[in-house]
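Q: Given next are the chains, with one letter for each unit.
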Amino acid sequence: MAANFRLPVAESSEKREQIAFTFNGQQVMGYEGEPIAVALWACGIKTIRSCGATAQPRGVYCGIGHCYECRAQVDGVANVRTCMTPLSRGTSVSSSSDWHIEGA
Amino acid sequence: MEDVIICRCEGVRYSEILASILEGASAVPGVKKRNRAGMGYCQGRVCQRVINELIERETGQPAPLQRAQAPVRPVLLGDM
Ligand code: FES
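Chains as they are written, first to last, in numbering that gives the first Met the number 0: chain S, 0 to 103; chain C, 0 to 79.
FYI, nobody ran anything at the bench for these hints, they're computed from the structure. All values reported here derive from a predicted model rather than from experimental measurement. Some hints here could point you the wrong way.
Heads up, incomplete: computed chain S residues facing chain C, CB under 8 Å, no partners named [as the list claims (entries may be wrong)]:
| no. | residue |
| --- | --- |
| 1 | 50 |
| 2 | 52 |
| 3 | 53 |
| 4 | 60 |
| 5 | 65 |
| 6 | 66 |
| 7 | 67 |
| 8 | 68 |
| 9 | 70 |
| 10 | 72 |
For each residue, glycine too, the CB sits at the ideal point set by N, CA and C.
Only chain C is shown next, with the shape it has when bound in the complex (with noise of 0.2 Å):
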């Protein structure tokens, strides 16, 4: 299979998250410290249920999906 891009935000492709999971990620969080995927633009709107259910499946173990952390709409810096 290609390669596909997992978090298009930060270019972080499936191969690199598998890696993290057999590095020890077993959580969103630990995916993120690793290679960065979703903490990108859209911060992981779109990433983050693929990596979960990639957990999931590497490590048998259920992933919860991360808290909304205020500001839950991206703003600008200037605007805060």
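Chain S with its partners taken away, still in its complex shape (with noise of 0.2 Å):
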């Protein structure tokens, strides 16, 4: 998980600080405030979820939150659309879809 696939320019204009957020358990940085997709992307994780039809992996397909191919469970709650979901810190992303429904 040592990828980076930030642009160098960008990297040094940004003069914010990365935060950490969780993927699957795992620590991963990224800033704050931007699509937790892109945060993972940076990091070298395409692989959101795996497809429950056919088990292959699934991440960013359109980008725009039209598709829900990147949703992940965030801090809980299910079937979030990471492209479409701004990071903060100590952000929990999850693959699992065992979801529930809040108050059922």
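Could you use the hints to bring the two separately framed chains together as a complex?
A: Written out as structure tokens, the structure is:
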């Protein structure tokens, strides 16, 4: 997970400090406010979950909140589109698809 | 041609869509009821137009797009 796909230019002009969050229990780094999917991708993580029907890896497909391919469990909320959800410190992201309905 | 996935949410492939059209589906609901294409998380936003084009190509008949139904945007059941 040492991969870093950020552009060197962006990296040097980017004075902001990176924040830690977790993906499937593993600590990764990203910038606050960027889409979770982007932060994961910058760390080399393109597989966000696997397909329930075909078991193939799935990740960002449309990148604009249209297709739900990038969904993950974010801070306990199931099926969140990670390409649309801003990252914040300590966010817990998980591929797990076991979900519950709040208050049910 | 590789059997591409048309409906990514439900994992429905090109050959399955074609099979449902050959079986008699003449519009999107007919395809949906046979193989669940368009019934996943994105609710057909990605695959519906492709399915429509396949129906039109195979049957030679126009296949109308489905009407949008409320809620138009996906919401959590807990928010309703
Ligand atoms: S990649 Fe399509 S909704 Fe996120």
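Q: Would the hint on residue 68(S) stand, with a C-beta cut-off of 8 Å toward chain C?
A: 6 Å, holds
Q: May I ask you to test the interface hint for residue 70(S) with respect to chain C, counting a Cβ-Cβ separation under 8 Å as satisfied?
A: Hint on residue 70(S): holds, closest Cβ of chain C at ~6 Å, below 8 Å.
Q: Is the interface hint satisfied for residue 60(S)? The criterion is a beta-carbon contact with chain C at less than 8 Å.
A: 7 Å, holds
Q: Under the criterion of a CB-CB separation shorter than 8 Å, is residue 50(S) in contact with chain C as hinted?
A: Residue 50(S) check passes; min Cβ-Cβ to chain C is 6 Å, inside 8 Å.
Q: Does residue 72(S) meet its interface restraint, that is, does its C-beta lie within less than 8 Å of any C-beta in chain C?
A: At 13 Å from the nearest chain C Cβ, residue 72(S) fails the 8 Å test, so the hint is violated.
Q: Quick check on the hint: residue 52(S) CB to chain C CB, less than 8 Å?
A: Holds - the Cβ of residue 52(S) comes within 8 Å of chain C, reaching about 3 Å at its closest.
Q: Holds or violated: residue 53(S) as interface residue toward chain C, Cβ cutoff 8 Å?
A: 4 Å, holds
Q: Does residue 65(S) pass the interface check with chain C, least Cβ-Cβ distance below 8 Å?
A: 6 Å, holds
Q: Mind checking the CB of residue 67(S) against every CB in chain C and telling me if the closest is under 8 Å?
A: Holds - the Cβ of residue 67(S) comes within 8 Å of chain C, reaching about 4 Å at its closest.
Q: Quick one, is the residue 66(S) hint okay against chain C at 8 Å, beta carbons?
A: Holds: closest Cβ of chain C sits about 5 Å from residue 66(S), inside 8 Å.
This entry does not satisfy hint 10, going by the numbered hints stated previously; all others are met.
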